[in-house]
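Two chains, two frames, some hints: make the complex.
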Amino acid sequence: MIAIKCQGIKKHYNSGENIVWALKSIDIEIFDNQLTFLVGPSGSGKTTLMSIIETLLTPDEGELFLLGTHMNTMNEFEKAKFRNNNIGVVFQSLNLIPTLTVLENVTLPLLIRGDDEKKANIKGMALLEELHIGDKKNSPPTDLSRGQQQRVAIARALITDPKILLCDEPTSALDEENGFAFMTLLKKLASIQKRTVLVITHDNRIFPFADRMIHINDGTIGEKK
Amino acid sequence: MIKTAFKMLIGNKTAFIGMIFGFFLSILLISQQSAIFLGLLSRSYRIVNTVKGPDIWVMDPATEGEELIRSMPKEYLQYIRSIPNIEWAAPITYILLPLKTLSGSYHVSEINGIDDETLVGMPYLFNGNSEDLYREGAVILDSNSANDLLATVKDDGTKVALKIGDEFEINGSRAIIVGIGKATPGFFPQPIIFALNSQIQQFSGSSRIQFIAAKTRKGSDIQEILNQINSNPKVLGLTSDGLKSRIAEHFLKTGILINFGISVLLGMIIGFSIAGQIFYMFTIQNLGFYALIKSLGGTKTMILKMIIFQALTVGIIGYLLATAATLLWGYAIQNTALTFEFPWTLLLFTGSIAFVISVFIAFLSIRKVFKMDPHTLMAKI
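Protein sequence lines, in the order shown, are assigned to chains A and B.
Each residue of the first sequence is one higher than the one before, counting from 1 in the working numbering.
Each residue of the second sequence is one higher than the one before, counting from 226 in the working numbering.
Simulated from the structure, these hints should not be mistaken for lab results.
Glycine residues also receive a C-beta, built at the ideal position from the N, C-alpha and C atoms.
A couple of the hints might just be wrong.
Claimed, not checked - Here are the simulated EDC-like pairs of lysine to aspartate or glutamate, each with C-alpha atoms no more than 16 Å apart in a straight line:
1) A:K5 to A:E61
2) B:K525 to A:E76
3) B:K228 to A:E117
4) B:K469 to B:E289
5) A:K5 to A:D27
6) A:K10 to A:D60
7) B:K228 to A:D116
8) A:K188 to A:E130
9) A:K137 to A:E117
10) B:K232 to A:E117
11) A:K10 to A:D161
12) A:K119 to A:D161
13) B:K596 to A:D161
14) B:K525 to A:E78
15) B:K228 to A:D115
Said to hold, decoys possible - Which stretches of chain B does chain A cover? Using the computed rule of at least three CB atoms under 8 Å from a CB of chain A, they are:
16) 231 to 243
17) 523 to 533
Isolated chain B (complex conformation) (with noise of 0.2 Å):
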């Protein structure tokens, strides 16, 4: 009967295509702007991301975020490289300096620290070697800024890039590019410098770090070293994701996630109205035929089966397509300054909603045809 059930859908070309249109407007606009706001979300946490290797976090226990950060003295390091089971711990510097080019624009930088010794906090390099960063005044400058935020402008408007060997000013001190890295931008259109912490140290003049990352042994209680850290109430240790979490519930407080919910929200009300409604219409109209398989013998769990499938072939068509479309947006733009994230978290809840609005149409016209009285087949319909 489920095959009957398909070809009842797929007669009605019009009801179909509006219904999985609805369907795909709906998840469309979930998936998308959940993807835009994790993207949003990610980039709060982007400094978790940008250093590889450490499992653990070390901060002042006012940080909270990149717009609230307190810095430390460096002396905190050797008492996180006391602790038992720590295999290694580097500093994190994370400030704002001002910079000029020469050209003579002026810009808010925000420089990353590198570990001099273990170049910890190293971004991705398209170009330049790693060993050069010793050089005085030596920074890797993103690929963004580089292209665009401090590329020089030509009289006739073109932009001619940054590269390897050009010079610029950070806080008064010369700097000369030795690489172009990759780094994720942040909220401001700011250019990202990377540098050792020795070489920060100069342009900012301040031997305070903002962060310290590390890693624990094989094996180890990561619990038990972070109790251990925290057993000092000047720093505050926290996992990866802990701070990643620390981070975007400071992020959250700014009401994206209202913003955001009510896109979804919308999303929702789309799919419920648009393809709730045609389904409806599509019951119906059929609802002869769900009497005439009522009056052969079919049972109410039958007819039940034939809607919900029909009800969930739509949503799952819908989805699918929604979801193919939303990924290839992501693809579209992924080199470029907007925000995308789409883990498989993401798949679930938006096959979740899809599911959700599925049953909630075939619910809505089940009723209608369990209500409906089979007798009336012996009248003409």
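Chain A with its partners taken away, still in its complex shape (with noise of 0.2 Å):
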């Protein structure tokens, strides 16, 4: 089933002699059940297509669905409340807020949402209980490995079930073991749980994961594996 689809989108920055087309109609189908990867080198607009995918950016041409959810109709609200539905995110910076502990940073989704703060605990305790790293609930992130924060992250973009993942550079600032640790973990959630992975790399370490990988180049879509 497709989960994801890019139809015509077009998105440029600046203006009059200084316009740089940062994709230049890329048409793309993403399916669920996949881990696909984004590829390309830096500047080929990999992370302007994901902040669109994630309806943070507005494409200037070209049409967006999501999950069948046509998303160019949509207001700023909806697509607020779509993304904290439907897309969870691992940034490359992981974003972990450093006054909160790990528990108030992976519960935050929900208590955006407007859930119960003691249900919320319960399920993102589960969460971190899962990722093993159930015991450091109330530690600052900054108290952490890197590879911990990332599993915080990642909880953190798990908490609300959603459908789609979406992954900037997972693997950059993690070594070959964890690396391929948490490869392995998006491996189960795209197989096992049925999950739409989508992760922006240039770590070819980590390119045997892919159930696909897409290559982007100077604003459009290049080969297809």
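See below:
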């Protein structure tokens, strides 16, 4: 089933003589149950495309469908609600809030949704236990190793049980062992939990984990495997 | 999310303390200066506060304040007493007369009258008995004058306070202290003396009076009584609050309001600049986290509430600390000659200013947050 569909997506930055076309008509379909890699050199448009899929950025032209929903017709409030319910994101810089504990960081999306704090904590603890960092629930994220922080970030991304999981360069700061462990986890999320997992990466060590790779170069989709 | 906003706020201790300090300084300056100003203002109409009981004051229409009093013939008292629904009316004398102590020091003293029949105008007595006022030359001296202004200075510099039984001269006549009372000081370091109106007449040689204090009967229409009083163009009748306002307006002609207004303005500028700048920097530092909240499904309204909560939190804490410090200051100076008056309306005034500053600094920062593109999260922050 098609989870993400982009049709003729275009996006530019600046204007006049300085105009830069980050995306020049992107047409792609990404399926559920798959771990899909979006690869390409720096400045190729990967991050712009990911931001459009996350609905944080509005394309200049083209249409975006997520889980069969036409996103272009939604207002900002509806998009925010859709993101909260259906999209989980693991950022390259993780973006964990240092003044909150690990558990508070993980439960943040549920609190944003308006869920009860006690119930959110139970769900958050279950996820942290599953990711083997339950004992760190009251620690600030800055006390954790990079690998542990990454697991906190993925717990936060999964807490709302999203159907789409987006990961931006998830292994860039991990050693090979932690990187492989993280990719094994993502693979499980796609194949066993039947989620759509889209990973931006240029880390060729993890390419073997991909079910499918989409190459993007200079704002256009290239080779597909 | 309010809890998250609070944890974000206290997580940055330097900014948190800095913002509270900004609010504290600002509100402290505003409330302390306002309390001093109100203290000064209340001194201008202290006669109204000192004389307990009347709800109507009658004076010559030219009278505007302590410095601008035109006396009236004593006979006007009968006119006021003849007006229906006046329960009682008493003459109030207020004059300045020369005073010479036995040690030879010279002063200009402020003499306040007490009604011979009703003792209206009697101050609170620390020592002494009101019955002694009927003795020849009897006066009540205020405690500050007894302990300081008129005290005898010994060779070693120590002061010996005047006490009951001590004597001095008022306008060349012998006066004897029969009581030590409480009085609100004026703007000048003058001895304050209370005596029966008949005694003051002996000191001054004049039977003219400066005010008539009157009490209306319960349930009567004060405005109607005032209309009757004011139908005589030679007198002016006002309620106690009306007289306070008249004297205050006269006092404000000195331009003192502008001087204190500038202090309040300075306080606001400090609040806007220190607290505003630190809060703005704090928001800029947290821009990435607000972007994160937005990307996780948070709405603009949610972020708006978080930022306003943060601004109000530092505003309220700074306001409470500054108010406590101001009240402590007031407590510390309560028995000195310094002025201080802190009515509940001042709490509202300073609270409103703290609120305005909080909302201003919140909106200053919110603009930046709303302009922020959450897409920047995808890049490394």
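Hints breached by this structure: Numbers 11 and 13, in rising order.
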